[in-house]
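*Asks:* Next come the chains, spelled out residue by residue.
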Amino acid sequence: MTTVFDRPHALIDTNLHYCPGCTHGIIHRLIAECLDELGVEGRAIGISSVGCSVLTYNYFNCDMIQAAHGRAPAVATGAKRADPNNIVFTYQGDGDLAAIGTAETVHSAARGENITVIFVNNAIYGMTGGQMAPTSLPGQITQTSPYGRDVKTVGYPVKVCEMLSNVDGASYLERVTVCDVKNVNNAKRAIKKAFQYQIDGKGFSLIEILSTCPTNWGLTPEKAIDWLKDNMIPYYPLGVYKDKYAEEGK
Amino acid sequence: MSEKVLMKGNEAIAEAALMAGCRHYFGYPITPQTELTAYMAKRLPKMGGVFLQAESELAAINMVIGVSSCGKRVMTSSSSPGISLKSEGLSYLAGCCLPAFVVNVQRGGPGLGGIQPSQSDYWQATRGAHGDYRTIVLAPDSVQEMVSLTIKGFELADKYRMTSMLLADGTLGQMMEPVSLDAGEIKTFDKPWATTGTKMARPHNIINSLSLIPEELEQWNLERFARYDEAEANEVMYEEYKMEDADVCIVSFGITARVSKNAVDEARAAGIKAGMIRPITLWPFPKKPLLAAADKVKAFISVEMSMGQMIEDVELATRCKRPVLLCNRTGGVIPSVKEVLEKINEAEKIGGDRA
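Same order as they appear, the protein sequences are chains C and P.
Just so we're aligned, residue 1 is where the first sequence starts under this note's numbering, counting upward by one.
Just so we're aligned, residue 251 is where the second sequence starts under this note's numbering, counting upward by one.
So that you can see chain C by itself, here it is in the shape it has in the complex:
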């Protein structure tokens, strides 16, 4: 019998705790496939953050460090500087990366830290039960914006890729999504490229992945995908925001 589809080695064979319809599982698999295909699991160190993805340390087969809320890029900086041969990635949600960890995000990019940041943007705080995130859309109803996000009082969503594209130290920034097969394949290409950049010593990469939260959005998994397509993608356009080496290669 020929095996045509299997679990990546870098992903541990265990039950994930994520809600039905959540796209964290897909993203985990894509990262694990990339670690396998690039042959770097044995020297990879993953940094899990605070939020729904806190338990990623139980899911990836490589060595893992659990960081305080927002501090993953600083912990990753230490892990990379401890041994530059380490392949270091962070896995962070929008609250972690774009609110409490904004300084760590911007400055690790500014330093051009040779790390890979996986940024899962689902426009809400999932773990704590659906509060407004820095990336919640204008008008979006959450537990802490029950009348809809009012930009006059709480301001506008943070567009991370756009913001970091002005940071000289950042090498590769791309926004992708995992809302359908075509986009899942595209997301994997971007993640793999980001890891390859790190292997090649090309500096800071961040892949922003538009993701769903059916539970806290109050939608079925299918409707959540539709909501992502109809509302998130228009506000957060997909694409490459910076690729220093593509620019320099020309």
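Derived by calculation from the structure, the hints in this document are not laboratory data.
Glycine included, every Cβ here is placed at the ideal spot set by N, Cα and C.
Derived pair list, reagent style PhoX-like, types lysine-lysine, alpha-carbon separation capped at 25 Å:
| no. | chain 1 | residue 1 | chain 2 | residue 2 |
| --- | --- | --- | --- | --- |
| 1 | C | Lys193 | P | Lys449 |
| 2 | P | Lys511 | P | Lys537 |
| 3 | C | Lys202 | P | Lys449 |
Residues from chain C that keep clear of chain P, each with C-beta distances beyond 10 Å, as calculated:
| no. | residue |
| --- | --- |
| 4 | Thr144 |
| 5 | Gly169 |
| 6 | Asp180 |
| 7 | Arg189 |
| 8 | Asn231 |
| 9 | Pro234 |
| 10 | Gly239 |
Among the chain C residues that face chain P by a calculated CB cut under 7 Å, a handful are:
| no. | residue |
| --- | --- |
| 11 | Cys62 |
| 12 | Ile65 |
| 13 | Thr77 |
Go by the hints and put chain P onto chain C.
*Replies:* Showing chain P alone in chain C's frame:
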């Protein structure tokens, strides 16, 4: 036989850290400890080490967490307000059972406070941030001891998988004294728990402080405190000065112990039998010699540059068997020998009969 060199306290700490094998330093400028950061900036790159000026104290302590997770000796340094910012990381270091060496060159507080020397972070250093944990706190009283306790600090951190903090103050950090930089043998420890990459040859290591199962988290805390108990049993350090026949016992650490030593000598010259117990480890606190002294002396005096923080530990250690007086200045003011001497006179009188 090593020659003595004249060094500033802050620089001596940095040089001692290098002697202890530390090749990773993360810091953020703050007075009065910045010479330490500057020294590392100059020395580490030339030794193949890593010096990084972080964007904040928060980032610096989390970079420390990253390096420590990977099994390397690492340190950060700051002064009082900066240590408050690092406190989150200190709790995570404890929760993750990670070794780290942290220096606090204290200045007056609270808030932005001042930039003159202080000992008012005693509670913060010995009690710490959120959660059940301990920090080894080392209190040098000379530039030479800053060297020896820095080396010791790295060893203790590795041995017990916890943070050891060098608690100095602005005077010690800034003053110059001759020091011998003879390190002797540096002890190192295996770190099989470190995230050094599985090399596809072992199950993955996880550095983590989270448990959602109460019984498991309780177990972790019990295991942590078993290590702390061992540290408490083995690592208490203190100095006794003229305690053999003392009627009045001063308890003081750091720069105020230097002042107090002079006061003890002057008191004795005036016919009062004063002595001093100088805690070198503030945690673990030298409870036994203090309790033993409580059966011999008339009274204790806690000499501190704070509103009276260590005094509570003195009262606990002596079980309030004898009166404990406070001789203190705060806000960046150092108590004078005269002030300590006056308090010794007072203690001699109100102490009553010997126990």
